[in-house]
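Those sequence lines, one after another, are chains A and B. As numbered in the numbering used here, residues 1373 to 1792 make up the first sequence, in order. As numbered in the numbering used here, residues 21 to 269 make up the second sequence, in order.
Keep in mind that the hints were calculated from the coordinates and are not lab data. For clarity, every value in this text was computed on a predicted model and none was experimentally measured. Don't take every hint at face value.
[To be verified] Ranges between beta-carbon positions, derived for each pair:
1) A:N1783 with B:G97: 49 to 55 angstroms
2) B:G97 with A:S1727: 48 to 54 angstroms
3) A:R1623 with B:G97: 17 to 23 angstroms
4) B:T94 with A:A1698: 49 to 55 angstroms
5) A:H1640 with B:T94: 47 to 53 angstroms
6) A:M1660 with B:G97: 38 to 44 angstroms
7) A:P1771 with B:T94: 48 to 54 angstroms
8) A:D1657 with B:Y50: 36 to 42 angstroms
9) B:Y50 with A:A1535: 41 to 47 angstroms
10) A:K1612 with B:T94: 23 to 29 angstroms
11) A:S1627 with B:T94: 16 to 22 angstroms
12) A:T1718 with B:T94: 46 to 52 angstroms
13) A:H1640 with B:Y50: 45 to 51 angstroms
Where is the CB? At the ideal position from N, CA and C, for every residue including glycine.
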Amino acid sequence: ADIISTVEFNYSGDLLATGDKGGRVVIFQREQENKSRPLSRGEYNVYSTFQSHEPEFDYLKSLEIEEKINKIRWLPQQNAAHFLLSTNDKTIKLWKISERDKRAEGYNLKDEDGRLRDPVRIKELRVPILRPMDLMVEASPRRIFANAHTYHINSISINSDCATYLSADDLRINLWHLEITNRSFNIVDIKPANMEELTEVITAAEFHPQHCNVLVYSSSKGTIRLCDMRAAALCDTHAKFFEEPEDPSSRSFFSEIISSISDVKFSHNGRYMMTRDYLSVKVWDLNMENRPVETYQVHEYLRSKLCSLYENDCIFDKFECCWNGADSTIMTGSYNNFFRMFDRTTRRDTTLEASRESSKARAILKPRKVCTGGKRKKDEISVDSLDFNKKILHTAWHPTENFIAVAATNNLYLFQDKVN
Amino acid sequence: MFVRGLKRKCFDGEEDIEGTLAGIKAIPSYNLQRQSLLDMSLVKLQLCHMLVEPNLCRSVLIANTVRQIQEEMTQDGTWQMINTQSTGQAPLDRLVSTDILCRSSREQAEGKHVPAYGTFNKDFEGDQGQDSSETMSAASSVQAPRNLQSNMWEMESPQESKGNFQKSLDQIFETLENKSSNSVEDLFSEVDNSYYDLDTMLTGMMSNTKMGHCDGLETFSSPTNTTSNSNCKSDLNELDHIVEILVES
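Same shape as in the complex, but just chain A:
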């Protein structure tokens, strides 16, 4: 199994898609209610697997284009088939996943060996009959959106109009129509005329869940810009600018790096957005630009280790974050296969671990704790014992139920609320 690089539930939560470093997409489907196995509801089984992207070679630059899937986004379902967008560094593809459970039989146009019969010899018109067959799930690429990005694509986001979507790379954001592959509109461009002056890149972008004219994008300097596409064709000028003033007492050479935002997500109700930087998660009210309304420390104990984390490159890890369906809880990953949940109403937080040892089927996860002080209590783990190779970068929350998917390197864990 390859390293999982993205995880995403569809709008109903019945399907869960994962993309990996090898360019493959694996889709899981939720088990339906089954009287003979009452506990089976809630299990996800493999529904479809397909190779979305292949490695390519850019002959101009003599560089290989990785096939790693950076993001998957589902389209809202409009008919029996399911559609999703998957992207690597350079190319976005629209995939159609459809089921086939019937086969037409009874044609009399071909011989037994498959050769077409001479039309003169066919004496009767026979209408074929549909007969049931074993369920087959087919994935086919319907659109390929290529050659629009010079830099690496980090985000895709489907507009609430269900007709357009955006794709963002380090310096530009493009707007596409789902039906049109040979044209895309550039709506944000932060590339400086002289590349030597480059000091800031785009790290993530997303459309507002309800307002089809609003999008946000985050930067490597810890700022978020909200743009209104009604204002101008090119959204280089932002409508709102979100930035928290820096705390001068905690300034260090690493301040900028740890302020770089790795993920931005709107809440389901569209009133808030959440940003993830290296050490914390922040919730912003869209009406207040000068500071976040809530800040949660994910792993503050790493603040004194920043130099080492810079040396081993862990400081550049890009963690994602997600909301639950009700926007009451937020979740994000950490190291040592830990992931954290913050309840916004009770202000309580939990640390859980996604590992084989602690996750027997149906077993209840035990909360974990990292010891920061001198004396280590039993069951606590000290900061120095954390495994920085085991990082949880990608997590997803079911849109309506308390069901979460956690990707730990090349393993996918699914957890649900305790069933009484």
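Starting from the known structure of chain A, arrange chain B on it as the hints suggest.
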């Protein structure tokens, strides 16, 4: 704990280091830490340029860190200090910085640093010849940057680093020359961004090497323009070259 079982803490535990070093050099400890961070960052930038396709976000963040450090050093006047040191002395000072940062604060508290310092120095000189070839070959392979970093970081000295940088610069030139087209005008007339980036980088590098003096250094408003022929200064000039160029790419 960390990727390769590194035990050093860099400047985590700053306060302890400063206290125990009072006997040797209390004030420069921050400067040494800063210098080592600068070295580390430059190594990272160099390595990421040798990778297949450098991560732009990472390069920009590291380049910004380097700029920050250099700005601060210029304000301090430390920049000037480094430039005027002789060749012979500079490597040893760099060694000190690496050494002190490499040890845990506990060891220093116990006063073990004085004899260890001498030992480390000797070991280094003994291994120098062997390690330089090791780091050269490590640098030229397109392996995961972390392994390279650990090798280069442990054995680095300004002279070696200069050699390494020179070699990598040569490699970069070589690669770019193979890719460059015959007519520069053709490149500019095409509105293809990929060509543009490559060409800007190429012309930028070529003109810089011809001039032999760094635009980057001027950007940082370095106070000195004297014709100091210390290897250290030209070394830093080259490093500035790399910072400017790598951000472009």
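Here's how the hints hold up against the structure:
Judged by the Cβ atoms, the range 49 to 55 angstroms given for N1783 (chain A) and G97 (chain B) holds: they are separated by roughly 53 angstroms. Here the CB-CB span from G97 (chain B) to S1727 (chain A) is close to 52 angstroms, well matched to the stated 48 to 54 angstroms. The beta-carbon spacing between R1623 (chain A) and G97 (chain B), approximately 21 angstroms, falls within the hinted interval of 17 to 23 angstroms. Take T94 (chain B) and A1698 (chain A): their Cβ atoms lie about 52 angstroms apart, and the range 49 to 55 angstroms holds.
A hinted range of 47 to 53 angstroms holds for the C-beta pair H1640 (chain A) and T94 (chain B), which are about 49 angstroms apart. The hinted window of 38 to 44 angstroms between M1660 (chain A) and G97 (chain B) holds, with their beta carbons roughly 42 angstroms apart. In this structure the supplied range 48 to 54 angstroms holds for P1771 (chain A) paired with T94 (chain B), their Cβ-Cβ distance being about 53 angstroms. With their beta carbons about 39 angstroms apart, D1657 (chain A) and Y50 (chain B) fall inside the hinted range of 36 to 42 angstroms.
A beta carbon spacing of about 57 angstroms between Y50 (chain B) and A1535 (chain A) contradicts the range 41 to 47 angstroms that was offered as a hint. Checked against the hint of 23 to 29 angstroms, the pair K1612 (chain A) and T94 (chain B) fails, with Cβ atoms roughly 36 angstroms apart. Taking 16 to 22 angstroms as the suggested C-beta distance range, the pair S1627 (chain A) and T94 (chain B) conforms, at roughly 19 angstroms. For T1718 (chain A) and T94 (chain B), the hinted distance range of 46 to 52 angstroms is satisfied, since their beta carbons lie about 50 angstroms from each other.
Evaluation of the 45 to 51 angstroms hint for H1640 (chain A) and Y50 (chain B) yields a pass: the beta carbon distance comes to about 47 angstroms.
When held up to the earlier numbered hints, the structure conflicts with 9, 10 and fits the remainder.
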